[in-house]
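Peer 1: Sequence:
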Amino acid sequence: MIKDLLKLIPTAFKQSFSEDNKKWWMGSPGAISAVLGFGRTWFGFESIEKSVYLGVSFFVSWGLLRFIFFYAKVAYNFLVLKHSENSYGNILKTVVASNAYLNLAKRETSINDVKFKQELTRVCEEYKSIFDLKTRSTCSVSIKVLKHATLSDSPLSSDAEMVCMARDSGGVKNRHTQAYLEGNHRIHNNTCYNVILNNLTSNRRDRLFYINNCISPKRDEMADRVGKSTTNDYFNTSYEYYDSLPYRSEIVVPIIPLTPAKDGRYKLLGFICVDSSSKASFDGNYDVSILRGLADDIFDLFALYLKSQPSKSSIV
Numbered sequence: 563m564i565k566d567l568l569k570l571i572p573t574a575f576k577q578s579f580s581e582d583n584k585k586w587w588m589g590s591p592g593a594i595s596a597v598l599g600f601g602r603t604w605f606g607f608e609s610i611e612k613s614v615y616l617g618v619s620f621f622v623s624w625g626l627l628r629f630i631f632f633y634a635k636v637a638y639n640f641l642v643l644k645h646s647e648n649s650y651g652n653i654l655k656t657v658v659a660s661n662a663y664l665n666l667a668k669r670e671t672s673i674n675d676v677k678f679k680q681e682l683t684r685v686c687e688e689y690k691s692i693f694d695l696k697t698r699s700t701c702s703v704s705i706k707v708l709k710h711a712t713l714s715d716s717p718l719s720s721d722a723e724m725v726c727m728a729r730d731s732g733g734v735k736n737r738h739t740q741a742y743l744e745g746n747h748r749i750h751n752n753t754c755y756n757v758i759l760n761n762l763t764s765n766r767r768d769r770l771f772y773i774n775n776c777i778s779p780k781r782d783e784m785a786d787r788v789g790k791s792t793t794n795d796y797f798n799t800s801y802e803y804y805d806s807l808p809y810r811s812e813i814v815v816p817i818i819p820l821t822p823a824k825d826g827r828y829k830l831l832g833f834i835c836v837d838s839s840s841k842a843s844f845d846g847n848y849d850v851s852i853l854r855g856l857a858d859d860i861f862d863l864f865a866l867y868l869k870s871q872p873s874k875s876s877i878v
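When the letters of the sequence shown are read in order and numbered with this note's numbering, they come out as residues 563 to 878.
Read the hints as simulated data drawn from the structure, not as lab findings.
Please note that a few of the clues may not be correct.
Stated by the list, open to error - Quick list of in silico lysine-lysine cross-link-like pairs, DSBU-like style, CA-CA up to 30 Å:
| # | residue 1 | residue 2 |
| --- | --- | --- |
| 1 | 841 | 655 |
| 2 | 576 | 565 |
| 3 | 780 | 709 |
| 4 | 824 | 780 |
None of the values given here were measured: they were computed from a predicted structure.
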């Protein structure tokens with residue numbers, strides 16, 4: 563790292579004393595003469611040597627300050643780029659490794675309850691680390707499943723109830739109160755699920771996600787929100803179970819195949835939810851792509867689980 567920073571010195575020097583910046587330290591012969599005579603004019607130096615010495619000292623100090631400024635600028639840009647490269651490199655490695663484990667589980671002929679929940683919990687833990695790193699905040703990842711969801715064709719209803727199937731360990735510790743687990747979380751009472759369901763039923767394939775980067779911690783603080791969804795207010799059943807929501811941003815994607823059925827319809831089994839303790843944490847490009855790929859893998863895992871449990875008619 564130190565060697566890399568030392569290599570930036572020539573770049574900073576060129577920027578500081580480039581043709582475009584010469585006017586800042588060498589405007590014209592007249593300006594130079596004025597600076598060299600600064601001591602004699604303003605301080606009454608009788609000796610021209612002292613005046614020139616003061617002027618030269620000024621030029622050197624000014625040039626050094628400009629060099630420090632440009633070096634700090636190029637060093638900052640270098641470190642930010644380096645951090646971004648390292649972050650996305652680590653994110654890519656984690657995504658690949660996590661999906662490899664999922665694919666390994668899907669190659670099995672069957673999967674039992676214990677293995678199924680272990681896989682979902684592992685996914686939540688690993689994707690929490692991904693979004694912690696990417697957003698530089700504290701995130702929580704959960705997998706919500708439609709109650710009585712099956713692989714057979716059935717109409718999607720906004721009255722359907724959601725059940726939290728898995729969550730990262732930190733979220734379980736801080737979020738899974740008895741009241742929350744026993745609460746009634748229906749699609750129509752949660753803006754994120756409702757928006758996605760409306761887009762699914764309307765076949766808006768480019769809008770099969772929900773992002774809110776400015777969530778009020780309390781329900782009565784809606785007035786200062788920006789980025790409203792399809793309704794004027796943000797609804798979330800979690801408001802009923804916490805004194806204050808522990809997150810300020812969220813991204814939600816449906817657990818559906820990446821490719822719809824031949825009739826163009828999607829089979830919805832649930833949602834992947836990621837939230838962040840900071841505002842403006844998620845984007846509709848990379849974050850959506852990362853989670854949609856995961857949702858496709860999880861859909862296949864759900865399908866394997868249901869086929870492995872002939873006595874069960876649904877996931878939950």
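Peer 1: Please verify whether residue 780 and residue 709 have alpha carbons no more than 30 Å apart.
Peer 2: holds (27 Å)
Peer 1: Run the distance test for residue 824 versus residue 780: straight-line Cα separation, threshold 30 Å.
Peer 2: violated (43 Å)
Peer 1: CA of residue 841 to CA of residue 655, is that 30 Å or under?
Peer 2: Roughly 26 Å between the alpha carbons, so the hint for residue 841 and residue 655 holds.
Peer 1: Could you grab the alpha-carbon distance between residue 576 and residue 565 and see if it respects the 30 Å cut-off?
Peer 2: holds (19 Å)
Of the numbered hints listed earlier, the single one contradicted by the structure is hint 4.
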